[in-house]
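Q: Listed below, chain by chain, are the residues.
There are 4 protein chains.
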Amino acid sequence: MNFASDNTAGVAPEIMAALNDANKGFTLGYGNDDGTRRAERRIGEVFKRDVAAFFVTTGTACNALAIAHFTPPWGAVLCHHDAHIMTDECGAPEFFGNGIKLVGLPGDGGKIAPSVLKAALEKPQWGAPHHVVPQVLSLSQATEAGTIYQPSEIRELADIAHAHNVVVHMDGARLGNALARMNAAPDDATWKAGVDVLSFGATKGGAMAAEAIVFFDKERAAGFDRRRKRGGHLLSKHRFVSVQMEAYLAGDLWLRLARHANGMADRLGDRLTAAGMPPIWKVEANEVFALIPRAACDRLKSKGAAFYERLPDNLPASATVAPDSVKVRLVTSFATTTAEVDEFVSVASA
Amino acid sequence: MNFASDNTAGVAPEIMAALNDANKGFTLGYGNDDGTRRAERRIGEVFKRDVAAFFVTTGTACNALAIAHFTPPWGAVLCHHDAHIMTDECGAPEFFGNGIKLVGLPGDGGKIAPSVLKAALEKPQWGAPHHVVPQVLSLSQATEAGTIYQPSEIRELADIAHAHNVVVHMDGARLGNALARMNAAPDDATWKAGVDVLSFGATKGGAMAAEAIVFFDKERAAGFDRRRKRGGHLLSKHRFVSVQMEAYLAGDLWLRLARHANGMADRLGDRLTAAGMPPIWKVEANEVFALIPRAACDRLKSKGAAFYERLPDNLPASATVAPDSVKVRLVTSFATTTAEVDEFVSVASA
Amino acid sequence: MNFASDNTAGVAPEIMAALNDANKGFTLGYGNDDGTRRAERRIGEVFKRDVAAFFVTTGTACNALAIAHFTPPWGAVLCHHDAHIMTDECGAPEFFGNGIKLVGLPGDGGKIAPSVLKAALEKPQWGAPHHVVPQVLSLSQATEAGTIYQPSEIRELADIAHAHNVVVHMDGARLGNALARMNAAPDDATWKAGVDVLSFGATKGGAMAAEAIVFFDKERAAGFDRRRKRGGHLLSKHRFVSVQMEAYLAGDLWLRLARHANGMADRLGDRLTAAGMPPIWKVEANEVFALIPRAACDRLKSKGAAFYERLPDNLPASATVAPDSVKVRLVTSFATTTAEVDEFVSVASA
Amino acid sequence: MNFASDNTAGVAPEIMAALNDANKGFTLGYGNDDGTRRAERRIGEVFKRDVAAFFVTTGTACNALAIAHFTPPWGAVLCHHDAHIMTDECGAPEFFGNGIKLVGLPGDGGKIAPSVLKAALEKPQWGAPHHVVPQVLSLSQATEAGTIYQPSEIRELADIAHAHNVVVHMDGARLGNALARMNAAPDDATWKAGVDVLSFGATKGGAMAAEAIVFFDKERAAGFDRRRKRGGHLLSKHRFVSVQMEAYLAGDLWLRLARHANGMADRLGDRLTAAGMPPIWKVEANEVFALIPRAACDRLKSKGAAFYERLPDNLPASATVAPDSVKVRLVTSFATTTAEVDEFVSVASA
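Chains as they are written, first to last, in the numbering used here: chain V, 0 to 349; chain D, 0 to 349; chain Z, 0 to 349; chain W, 0 to 349.
Any given hint might turn out to be false.
A pair holds if it fits inside one copy or across any two, identical chains being indistinguishable in the list.
As the list claims (entries may be wrong) - Derived DSS-like pairs (lysine-lysine); straight-line CA-CA distance at most 30 Å:
id	residue 1	residue 2
1	LYS110	LYS122
2	LYS302	LYS23
3	LYS47	LYS217
4	LYS217	LYS300
5	LYS326	LYS281
These aren't lab readings, by the way, just hints derived from the structure by calculation. None of these values were measured; they are calculated from a predicted model.
Next comes chain V alone, as it looks inside the complex (with noise of 0.2 Å):
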């Protein structure tokens, strides 16, 4: 019963079987294969467009080097206060962009409102030079409540942030499972709809550690190859980068790891609802934020199930929380079970 996260999961079988395929003979590094190009490639047949593509292994530098590369060291970059950019990654883009401000949003269920955005941008300050300028909206899809901005959701934000030469970054670490749930095609949902560079994850849908920093706009990619170089975050022997997004993406294996996620977290929201626990936020991606006893809790992790808690300090105005509660956070994966969800929400209900 593991809900810690995604990344507790290991490869799916067939990015590890690409790995091993890809051992083969002696290729140059540094991304000089064709491996690599034929990846890049890929990734512009996905999203049905010429795009420039930097494999890199981490999510967090992912973020951290697509942001610093439109924002000067005076810019601020706009996110929900909750993103994992703002939280979780200890500074990282401030470290990357040369001491960047991020400036955190309030909004309901993980998203940014168009209002919201709008007042944040409009703001009238006393005036320049002593001001950060905001220059990139960062948008997590699906968000760190576990719901998803629609495409035409996208469009309104991109639009305002636009209107004020403002980029829009979106962190895709779970992008297939946004685009599994919607439906929606990939070109849609991201370019189309406005997002100028995509941290396009696939290492939490089932790769080993392989993101890409996509660029819609080629052009807007200068300087950028050195730039991950001086961040240490271009792999030697990149071949073993290249080939997991190739295989992630080969055959939409992503859109099926995703969908058996999302799949996961949808039947584990029903069953809790039904043990009278139901989720927080409307699960539309692969994570479930529920509010359980202590006596569940404590249950649950004598049993060995791995999940976390979170404080309870973030939940919609129509919560009621029960005292002795705790806020959970369960994340499912490709490597989720029927068998493990179900014994999960049969103890927390025992």
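Given the coordinates of chain V, work out where chains D, Z and W should sit on it, guided by the hints.
A: Positioned in the frame of chain V, the structure of chains D, Z and W alone reads:
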């Protein structure tokens, strides 16, 4: 015939097998797994000391993080002027160190002489606070010229450094090759000789992407976990980097792989000597530098041999460069075969 | 009628005279002159402690250098969300601190309450190394709302901070105003109350451009001379910054100047109250905030009055904002005259 | 007898008078005053071009901010290996440039030869993105050896730089001395010769603390106001820096002051020659370097003469260094008197 770099080889079979084995079940991410603890302990056993070790996926990250940890922003790092950190990392140490300065020292065969180090550290300057302060000495083992430092040589340099409160860092991207050659114990050639922090590379030696920053004094690692994280260098599915290191060190695999690579370099050097193209510097690790006729170079390339030409600006005083000769760097690896070596020399001398 | 800022005033005559006097003969640059030593000693006498003091020409430099000196890159700085370092320095602390994070805390009247600080420091997070670590608490004295912290209040906050290994910084751009109001001894209101490092401003108080970073524990200043130099903040003709501080402190000039400014703020507050436009917050230093009718605001501007409007988003809960009213900030200085004050209120209430 | 530096002198009387005059009434801070606009316009008139100029108080800030503005973090700055930015600014350019790399070029008499620049820019490297990219050429005028670049020499270097997309920066801490010597028009010796951005120093020339970053192409200054602010280099009582520059340029005061300093250097050079201690390099600005007997050096110091000794490691090939001789740097200023010069040589040759 691939002599372009040791990173053009793939992954040693034993390490690939370990990666496959590790792909079972769930484990906590970010290094909170048993395998990571085992790998760290194993490093301690190899070096006969209780160490703090942090795993990353590139040598550049390894060096830059280690150096930044010991250098305040106004510090200087002394290294050979051909050191990898000086010439090939696109300013990564300067980036991670918030604008530290690298000072390149001259030296034959890629090695820094004690007298040169002493002079650099004792150079009078007109006054603080106008000048940066030497803070770290970085030694490459093996060097960029394929030579190695004997433990006694390291000791002498380290004593000079320590007398000036300068920390000793070793860039051990090819440490295995150096140790295998010297038949030296890992402890004797590192911390017992005065090395304070080590970039311990496994990638070039046969891993997929695995390097460790090794602190021989655990106390000095305080804060390093956050430094790595904000550099984007903490893998989420961390078990897959740890297991590479574990397999690399198991049963002295690393030394066996290094001995093979060194042996291939010896063979290459011997055959080139026999063919009238003797190595420029003594072959001490897995790199051979030679001056070969331009025609031989062209012939080799036309046969598909992969290797890099280098500028002839860095040669021993005694070297005589024939017109139309080319300086080449030839790197062997665990995967190099005698057939490749023999074919290379045969084509070169045809 | 200039109430735009205390920096719209010129230089107090006593300080200008000292600058003229200092312009005699040759002295060594960069602070190696007797005058600089005298000025540093004088600060020690004022604060009744042997201090290390470093002079710079802007308050932003003062704050950013001081904060960076105590904050590793992965550190967080807690401050009021309206603090000058948070809103008006264009990211200087983040720049000097290599990407540190500023965390704004709420609080009425520009002040941080002990309970708020405690909650911020005790907030559980799911785990290192994913989060930045609080490292510095920065208190503004006087605050951006023109209020002040009593020594006992500083003591309470500092005790909480120190219990969490958090250093206490004071942004004392208007320290003179606060001390003059409280009739508190400089030592009682700073290091004896727990302040570790002080940005001691003279510019707003009447100097031309002179601020000091004051370390109450000299040991902790190690390396700061180089930090200042590489920030470009070490003046070559250094005597001209030192002499301003010396003159500012001579014969308690600074407190006399501050008392005048405070008195003008009192008069302004009293007259505005009498005219039905009472200050929003208690007038404790040399700033008055008030809600005035739009018509009054326009009338004042047409008469050449200089002052800034502020967003009405930051008000006491008890405040009732009449339609068409404007929140204004009025700052007095050593150079403000009673005539100006009286004319301002007269025009405002006409 | 103070020849330690031109910054050991005080402030020229005309500039001190202007500072006193500026101390009247209220003006807006942060450069929003008429005097600042006048000073910027005056620079434009002097250089016969519409420029963007930003005032700061130190030369280090001036250089570091200007260079950082044109150099991405992975950029390299080419300069003479004895340049002030290389040796005397404690890493300020690296800090402001987020870890850029300074590459020192050799050259007699502090000057870079076109062939040396060309070779540096055309040096082949094994491949992007492993290496930093030359982005700025920084020329010191006058140089650290007291020599100067003729406009035609600047032109030749700038053409080479521009052909490689390298921006030309001039460190003009002693530009007045160079122009006065050459009788060259400011425009001819700067932008018309290819200089893109200028650090225009007034402090060494006679101001208290006033330097300007001058962009000859105003478009390229975009964002610079925020860069300066977050560096802590925007003065609040800004009129007091502007007025120094205005007075410095009024009626060609700056050139008169420089001519005096140069004349004193000439006299010093001539007398030293007559006394058998000829200058090492041609005296072209206000610095004289000479080899003098240790005994003379000691005698001078015992008489209170102030000057710096320098390492004898940087000498023309033709120089013969007598045993027991000392290399000294002697700097004259607007305040140097003939009596001081004569006494210095008299004591030296006694």
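Q: Does each hint fit the structure? Answer for all of them.
A: Quick rundown of the hints versus the structure:
When the C-alpha separation of LYS110 and LYS122 is checked against a cutoff of 30 Å, the pair qualifies both within a copy, at 20 Å, and between copies, at 23 Å. Taking CA atoms no more than 30 Å apart as the test, LYS302 paired with LYS23 passes between copies only; the shortest distance there is 20 Å, against 43 Å inside one copy. Proximity of LYS47 to LYS217 under the C-alpha cut-off of 30 Å is restricted to the intra-copy arrangement: shortest distance 14 Å within a copy versus 40 Å between copies. For a Cα distance limit of 30 Å, the shortest separation of LYS217 from LYS300 qualifies neither inside one copy, at 48 Å, nor across copies, at 33 Å.
For the identical chains of this complex, LYS326 and LYS281 are intra-copy neighbours only, at 15 Å inside a copy versus 42 Å across copies, given an alpha-carbon limit of 30 Å.
Consistency with the previously given hints fails for number 4 only.
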